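**Student:** Protein sequence lines correspond, in order, to chains A and B. Position 63 of the first sequence, counted from 1, bears residue number 62 in numbering that gives the first Met the number 0, the numbering being contiguous throughout. Position 82 of the second sequence, counted from 1, bears residue number 81 in numbering that gives the first Met the number 0, the numbering being contiguous throughout.
It is possible that some hints are incorrect.
Said to hold, decoys possible - On the chain B side, residues computed to face chain A include the following (Cβ under 8 Å):
1. 34
2. 87
3. 88
Unchecked claim - Here are the simulated distance ranges between beta carbons:
4. B/124 x A/41: 49 to 59 Å
5. B/115 x A/12: 41 to 51 Å
6. B/111 x A/65: 46 to 56 Å
7. B/76 x A/39: 14 to 24 Å
8. B/111 x A/70: 31 to 41 Å
9. B/126 x A/62: 56 to 66 Å
10. A/41 x B/83: 33 to 43 Å
11. A/38 x B/22: 31 to 41 Å
12. A/39 x B/102: 35 to 45 Å
Bear in mind the hints are in silico, worked out from the structure with no lab data behind them. Since this is a predicted model, take the numbers as computed values, not measurements. Quick reminder that beta carbons are idealized off the backbone N, C-alpha and C, glycines included.
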Amino acid sequence: MPLIQRHVVQGEPIRVGQKEIVPEALVTLWLKRSATVGMDGVWGWRASWVKIQPTAVIERGREGVRRIPIRDETKRLLIGLAAGAVFVFFLAEIAERLATHRGGQA
Amino acid sequence: MTPEEQKPMKKDHIDELFVRLEDMQAHAGVDAVFGQPVTVGDKVVIPIASVSYGFGMGFGEATSQEVEESNGGVGGGEGGGMSARPLGVVEITPERIHVEPIVNEQALTLAGMLLGAWSIFWVSAAMIRIMSGRHKA
Numbered sequence: 000m001p002l003i004q005r006h007v008v009q010g011e012p013i014r015v016g017q018k019e020i021v022p023e024a025l026v027t028l029w030l031k032r033s034a035t036v037g038m039d040g041v042w043g044w045r046a047s048w049v050k051i052q053p054t055a056v057i058e059r060g061r062e063g064v065r066r067i068p069i070r071d072e073t074k075r076l077l078i079g080l081a082a083g084a085v086f087v088f089f090l091a092e093i094a095e096r097l098a099t100h101r102g103g104q105a
Numbered sequence: 000m001t002p003e004e005q006k007p008m009k010k011d012h013i014d015e016l017f018v019r020l021e022d023m024q025a026h027a028g029v030d031a032v033f034g035q036p037v038t039v040g041d042k043v044v045i046p047i048a049s050v051s052y053g054f055g056m057g058f059g060e061a062t063s064q065e066v067e068e069s070n071g072g073v074g075g076g077e078g079g080g081m082s083a084r085p086l087g088v089v090e091i092t093p094e095r096i097h098v099e100p101i102v103n104e105q106a107l108t109l110a111g112m113l114l115g116a117w118s119i120f121w122v123s124a125a126m127i128r129i130m131s132g133r134h135k136a
């Protein structure tokens, strides 16, 4: 069995007026277990972690089927800020090297 | 109850926990992250969240004769945690279906302040090094 399993699950359709909504989520499952039989005794442990993240709602109507993705805006913005932090670091380093290089030439 | 009688009970308890955990994982589905639809006027709203949970447990039983004679040697422990974070709401109107995201302003404000401090630190450090290099030259 793989250490990490990921699979997409769909829920029961929700009917709202003429429209039908099907919720969809990504389930990530991590599972690890161990059991040992030794001369002095028997011992074991087990750990598991599950993450369920909504990924989309699927709209079924007269117009057809449409998939509306669900995005984690907070996560996206935090990743953007982290990328900004890396950019500032490299910008400061490059500026310093350029200034030092020019100073050395002068 | 004698310690000898307690041992099978502890084992049963751990086995039952294992079975319950397997059951919880098997039922990990969309119901955990999509809430019940709520009607507000002509609008239907479905709250959505990201959910994660974890468990850990361990047990041990000593079988050496020395420990057996002292009527002890069985132990176990377990722990777990869970977190849920709102992601947004699905708004269903007669005209359209729209996902309205929920942004964690507190986390973003904190991250923005950290980015500001980080930027000031690195820009200042670079300027100080440039200036000190010019003075030496």
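**Student:** Is the distance from the Cβ of residue 111 of chain B to the Cβ of residue 70 of chain A consistent with 31 to 41 Å?
**Tutor:** Check failed, 20 Å falls outside 31 to 41 Å.
**Student:** 46 to 56 Å was suggested as the range; check whether the CB atoms of residue 111 of chain B and residue 65 of chain A agree with it.
**Tutor:** violated (35 Å)
**Student:** Holds or violated: the 14 to 24 Å window for the beta-carbon distance between residue 76 of chain B and residue 39 of chain A?
**Tutor:** Since the Cβ atoms of residue 76 of chain B and residue 39 of chain A sit about 19 Å apart, the hinted range of 14 to 24 Å holds.
**Student:** Would you settle whether the hint for residue 34 of chain B is holds or violated, based on the nearest Cβ-Cβ distance to chain A being less than 8 Å?
**Tutor:** Constraint on residue 34 of chain B not satisfied, violated at 10 Å.
**Student:** Cβ-Cβ distance between residue 39 of chain A and residue 102 of chain B: within 35 to 45 Å?
**Tutor:** violated (55 Å)
**Student:** Verify the CB-CB distance for residue 41 of chain A and residue 83 of chain B against the hinted window 33 to 43 Å.
**Tutor:** Roughly 36 Å apart at Cβ, these two residues keep to the hinted range, so it holds.
**Student:** Less than 8 Å between beta-carbons is the criterion; does residue 88 of chain B satisfy it with respect to chain A?
**Tutor:** violated (10 Å)
**Student:** Check the following: the C-beta atoms of residue 38 of chain A and residue 22 of chain B are separated by a distance inside 31 to 41 Å.
**Tutor:** At roughly 34 Å between Cβ atoms, residue 22 of chain B and residue 38 of chain A fall inside 31 to 41 Å, so the hint holds.
**Student:** Measuring from beta carbon to beta carbon, are residue 124 of chain B and residue 41 of chain A in 49 to 59 Å?
**Tutor:** holds (57 Å)
**Student:** Residue 126 of chain B and residue 62 of chain A, beta-carbon distance inside 56 to 66 Å?
**Tutor:** Holds, since residue 126 of chain B and residue 62 of chain A (Cβ atoms, about 58 Å apart) stay within the stated range.
**Student:** Hint residue 87 of chain B vs chain A: min CB-CB distance below 8 Å?
**Tutor:** Because about 7 Å separates residue 87 of chain B from the closest Cβ in chain A, which is inside the 8 Å limit, the hint holds.
**Student:** For the range 41 to 51 Å, tell me whether the beta carbons of residue 115 of chain B and residue 12 of chain A fit it or not.
**Tutor:** holds (47 Å)
Hints 1, 3, 6, 8, 12 from the earlier list are contradicted by this structure; the remaining hints agree with it.
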